[in-house]
Amino acid sequence: MKRITIITTLIPILFLLFVNSVNAENIYTSDSYFTAGSVILIKLEGETAVKPTGVVYELLDANGHVVYKWKHRPDIVRRGGILDWYIYDEFEIKLPNMMGFFIFEDRPEGQWEIKTYFEYAKGIIEGSESRFHFNVYKGNVIDNLFAPIYIYKGYRVFGIEVAHMQFELFPFGWILTFIFAIFLFILSIKYIRFALKQGKIIISRSSARIKKEWRTKG
Amino acid sequence: MYDGSSLQKGYWLSDAKPVKCVWEYYDPHMHKFYRVEKDVAVVYEGDFNGHRYAFADYNEFIIPALFMPDRYGDWAVRSYFIFEGGGHGGEGPVVDEQGNSYMLSFPVIKGSTFNLIFNAPIYLFGHKTIPLFWWLTPVWALIIFFIIAVIYTRSVVGAVKLIKNIAEATRKAKTEWRRR
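Residue numbers (the numbering used here), protein chains in the order written: chain A, 754 to 971; chain B, 54 to 233.
Next comes chain B alone, as it looks inside the complex (with noise of 0.2 Å):
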């Protein structure tokens, strides 16, 4: 039962044994944007008002990088468990007293540039990938590269001289590969 806090109270109860339990988490249009099937948290067994199995779960969700505006607004996420033999039930988070489940809707918007950043990672193809800033780690490194230049030649005209040097054995050993 849903007690109005953050956190879900209770456990369903069942007579099938539950074996997985899935999270789908859709944007503010509704696009499904992840989804997790994970081991049940918490399975008891035993006596339980008449059924043999009481079982709850919880997942963990990182709010993702989000660089289109439109997708700041009321998230929502959808559970529900996957019993032996491949039926579902236990739909939720969300269960009022008439027994109709809901989804949990929380708010998203936009942060601090740092966190979009540095902290939030980014999704690609349903899976959790890095923060933006480590995304960008070849032009970093570039740029690491450079000033490196800068210092050993001690001027900026002779690090450009530098990278303009490499590019040109680099093109001559393409070239001389290309003959052979």
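Just chain A, same shape as in the assembly (with noise of 0.2 Å):
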């Protein structure tokens, strides 16, 4: 593994982050920070002398502890470069719900990670890992609403994590406003009903009181 880049497009202040991740020392972070539900953008290239057969990103809180993992298929693997293969590949990281409204524990703020590497058929390539920083903070109520709920669970023996658990929630948000939603179509339904029932009475009561009307004067 000789080079990797990952170029990141970061906002407000745009600029391309280049990472080596043979020097550590060329970690590059920003002033900028983000919030539960932020987009992150990497795009990673670099070669190997092994064929990739994916990309893992890491995304780790500011305690260091795993908050999730994605293994994706790289964009384009080819042969070519000064070693063997090139890869590149683009991954879309939406940061998840920072606050746990009191069902789970509240994310901590701080400098979060994202830590990548290759793997091949074997296992991870070695020396394939990049790592990027960035500031993370809680932000609002409805951020935290409408972010992803990451759960997982890793499996250590002997300090080595050996096997994961781990999906994604729905954002507390939508299920809320599915709810919403729900209860207001009930009582819009209700109240038609009840409109027409009462518009129905009124319409029988004033057509019986005419019917006796016309058979007095008859």
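Since the hints were made in silico from the structure, they are not lab data. It is possible that part of the hints are untrue.
Unchecked claim - The calculated DSS-like cross-link candidates involving lysine-lysine, where the alpha carbons are at most 27 Å apart (straight line), are:
id : chain 1 : residue 1 : chain 2 : residue 2
1  : A       : K943      : B       : K217
2  : B       : K227      : B       : K214
3  : B       : K85       : B       : K181
4  : A       : K796      : B       : K85
5  : B       : K217      : A       : K796
6  : B       : K227      : B       : K217
7  : B       : K225      : A       : K964
8  : A       : K875      : A       : K891
9  : B       : K91       : A       : K847
10 : B       : K227      : A       : K953
11 : A       : K943      : B       : K225
12 : A       : K891      : B       : K163
13 : A       : K906      : A       : K943
14 : B       : K181      : B       : K163
15 : B       : K70       : A       : K796
16 : B       : K181      : A       : K847
17 : A       : K965      : B       : K225
18 : B       : K217      : A       : K950
19 : B       : K225      : B       : K214
Two chains, two frames, a set of hints: combine them into the complex.
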């Protein structure tokens, strides 16, 4: 693994971020910050000696705990370059809900990290690791309500993670919106039925009264 | 190629046919605020420096009504094309001489209260909707109804009594409906 480049477009100050994984000191951070639901766009480029089959993106919180792991099939893998294989991948990571809303623990604010590495048929390609640091704050309630919820549980033996379980839950905001929409629908149906029934009663009473009047006149 | 003005000049070249163009708008904290996938505005077929297609696109985005101060700042827009067969490319809207693509950032400030209430649309779940003033139509309708009631009864007390009577009649009708 000789060269890996992460090109990330950061907002609001737009610049290209080049991270050289070989030299860990060459990691640049930004003054801008992200909150729950922020999107991080990653463009990963590199060369490897063996044919890569996948790219792993690991999101780590400020305490270094894994938040979620994504395994992605690279967009481009072709022969070429100084080493045998050229690899290019684009990936989008959405930051999770930071507020637990009394159900989960709040996520820590601070410097979060995205760790990436390439995989091949027999495991991880040594030396292909890259790290990207960025600042994360909780953000407001709306951001948190509509941010995805990541659940991750790693199983370790002698400090080494041997397996993990993870899943993504619907944001709370969508669930609340769905419940609210159902409530509104039921309420409107109830009132439409009420209005129709009352209208029917009024019409039948009026027609009965008119008929009665006609009979009296007749 | 980006020429420094607000409009981008030039065309993208490709051998694959572009079928859609995607525009994504991000707030200052990189929340994907709005995404639109549309047909490509201009596609020419022929021989353009050895490429079969020359294409370009443009899009319009109305700055939303923003009620949270942390949403003011530098927003950004990203665009890319989707080609026949599902691949994507032609990322922009800004590209430098080396072919590196950049998002285009634009500053967003609060503006006047009038614009915030009457002109700026409210975006809900990724869809553009009406400005705040029109969202409050039920409130305005009730106020107008009250004003009409005041004019009709020639006093505020009369209007209040009228509304009370309407509420009472509705309550009675509801009770009767429940009984039946």
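List of violated hint numbers, smallest to largest
5, 8, 13
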